[in-house]
Amino acid sequence: MMPDRTTCELAHLYFNPKTHKDGIPVRLIENTIHASTTKISKFLDKTLRPIFDDKCKDTTIIDGASLITELSKYNKDNVFAYGKNIYKQTTGGAMGSSLTLTLANIFMAKWQKNIVEEQTKTGEFYGR
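Just so you know, this note's numbering puts 10 at position 10 of the sequence shown, and the rest follows in order with no gaps.
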């Protein structure tokens with residue numbers, strides 16, 4: 001689990017604006033993919049994942065047919081449970097969803113392009 005000094009990097013911190021909120025606060029994002037703690041994280045994942053999988057086996061998708069059935073149901077209903085209540089999501093995207101991340105990146109790419117063009121005109125610097 002010893003980090004390799006030739007491939008380790010310091011974590012990169014950047015911010016994504018929450019444009020849907022008043023005052024446009026930012027969400028801190030820390031990229032640690034090549035950080036010295038990555039191997040510890042992978043070790044913990046390898047150790048804890050079987051326990052997590054065992055606790056979640058009732059919601060595990062067994063085969064392709066059940067996957068299609070469940071996805072169809074979730075797509076149609078767009079409901080989720082929190083505590084003892086059932087909610088229906090009508091707008092927005094779920095945090096952590098791969099699709100939401102992709103859509104956010106598409107939006108941010110357009111926004112980023114516009115700000116880079118503006119900063120190029122004024123001689124300012126922007127990096128990501």
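Please keep in mind that the hints were generated in silico from the structure rather than gathered at the bench. Treat each hint with caution, since some may be false.
[As the list claims (entries may be wrong)] Using C-beta positions, here's what the derived DEER-type ranges look like:
#1 T122 to I86: 45 to 55 Å
#2 R49 to Q119: 21 to 31 Å
#3 R49 to N16: 46 to 56 Å
#4 K121 to K55: 29 to 39 Å
#5 A65 to I115: 42 to 52 Å
#6 A65 to L44: 31 to 41 Å
#7 R49 to E9: 20 to 30 Å
#8 R49 to D22: 23 to 33 Å
#9 L44 to I106: 29 to 39 Å
#10 E118 to L48: 17 to 27 Å
#11 F52 to C8: 19 to 29 Å
#12 I51 to E117: 46 to 56 Å
#13 L67 to N105: 32 to 42 Å
Ideal placement from N, C-alpha and C gives every residue a C-beta, glycine not left out.
Which hint numbers doesn't this structure obey? Hints 2, 3, 4, 8, 10, 13 are the ones this structure does not satisfy, whereas the remaining hints hold.
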